[in-house]
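Please take these sequences and the hints and turn them into a complete structure.
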Amino acid sequence: MHWTDSGIVLSVRPHGESSAVVQMLTQNQGRHAGLVRGAQGKRLSGVYQPGNLVSVRWSGRLAEHLGNFECELVESYAARVLDDPPRLAALSAAAAVSERALPERESHAACYEGFLVLLEALSGEHWAEVYVRWEMAVLAELGFGLDLSACAGGGANDQLAYVSPRTGRAVSLAAGEPYRDRLLPLPGFLGGRGGGGPDEVAQGLALTGFFLERHVFAPHHQAPPAARQRLAERFPVVP
Amino acid sequence: MAISDIERLIQLLARLPGLGPRSARRVALQMIKKRETLMLPLAAALQQAAESIRACTICGNLDTQETCAICRDPERDATIICVAEEVGDLWAIERSGAFKGRYHVLGGTLSALDGRGPDQLNVAALMDRLRPADDGTMPVREVILALSVTVDGQTTGHYIAERLAGAGVSVTRLAHGVPVGGELDYLDDGTLSAALKARGPA
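These protein sequence lines map, in sequence, to chains D and U. Going by this note's numbering, the first sequence opens with residue 1, and the numbers climb by one from there. Going by this note's numbering, the second sequence opens with residue 1, and the numbers climb by one from there.
Hints in this document: simulated from the structure, not taken from any laboratory. Misleading hints may appear alongside valid ones.
Quick list of the computed label-pair ranges, beta carbon to beta carbon [said to hold, decoys possible]:
hint, chain 1, residue 1, chain 2, residue 2, range
1, D, D147, U, L62, 53 to 61 Å
2, U, A50, D, E125, 52 to 60 Å
3, D, P219, U, T57, 38 to 46 Å
4, D, E125, U, A161, 32 to 40 Å
5, D, R182, U, E86, 43 to 51 Å
6, U, R95, D, A223, 36 to 44 Å
Where a beta carbon is used, it is the ideal one built from N, C-alpha and C, also for glycine.
As structure tokens, then:
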């Protein structure tokens, strides 16, 4: 049996001398692994870099087999950011989070589409804000979405400033003031005000990192991926 | 030699790069045929190498002495260090004959898959080599990052460049672009865009 799809390369694990087991986030099949013969060779190693968009054909005798991938490069997103440390860190973090957070062989088209938007946004100015929004989308897709539509404490919706770590719901500035030490700051660009910037990105990464760790990584006894931690270190939280 | 010994030899040979079970069988048969001229000297050489080869305490290269031949060579420029991922990369640069400085072998790249973080790389020893002498002179003026042009390789390169930012040395990296003998029509998009970005005066 076989299928064809579009996919984003997430990771490449060497297998034997020249082959590799490649993890891919595909549009319709979700996160899927497959064996690629010659993936470590001179001809193909450039294709199988995390973040690259490929047209993929999977074939296997049975659906539950690992199977083989045959891919054709569509867009070399990795090459675009190799010389740019922060953008490369974001690409690596997104690939690592996708690999660790998304269940295998379960379609999550929103995560795939969001990843593509992020890859395109890496060429622009507001890539870090897009990255935070992508992690929000991953949380929502996995059933742990944050509710930033209204204040959970009954306060004014136009002054949402915090997120409750317990419920994941927004809290207004006035309602959250007595509990501010226990609440997570809501960056302005997620609350519909403010234009982003390094401080807000740091708050956003802390916010999504908290819920990813609690709902996605910790239940599987996993730490957040090192690549994501390296990205977060580039945006230190200002107290 | 009993059958099991032959099978064991074949199994061990088959684990070498480039050899499968069939080619390992051919190699084993050839060695058995040339027992005196090939097999015994090879066994002695393997034994000798296993006992004597070690990693250089300065750069991580492989040699039979504590300090490798490159680090001992007074003719080489000690003020330029070329950082390589593995000893194989060091040997490749040496084969080119284009570099006359010294080396530092990291022992891999940052890799979440392999569980290799900054602490697993030989970076602390590199920082030690860059430390100013007692009289304040800098022992190294340039560090060349000769790492793979892959996501892991370049992530490692950026990490090291950031670690070296305050060390008072110039940090450079190998150029990315069109290989010698490369026809543009056959190059991938990534290499072409890197070559265009790094273009220079004609």
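Here's how the hints hold up against the structure:
Look at D:D147 against U:L62: about 58 Å separates their beta carbons, and that is inside 53 to 61 Å. Distance hint check: the CB atoms of U:A50 and D:E125 are about 56 Å apart, consistent with the given range 52 to 60 Å. Restraint check, D:P219 to U:T57: a C-beta distance of roughly 45 Å satisfies the suggested window 38 to 46 Å. Against the hinted window of 32 to 40 Å, the Cβ-Cβ separation of D:E125 and U:A161 comes to about 23 Å, which falls outside the hint.
Look at D:R182 against U:E86: about 49 Å separates their beta carbons, and that is inside 43 to 51 Å. In this structure the supplied range 36 to 44 Å holds for U:R95 paired with D:A223, their Cβ-Cβ distance being about 41 Å.
When the structure is compared with the earlier hints, a violation turns up for hint 4 alone.
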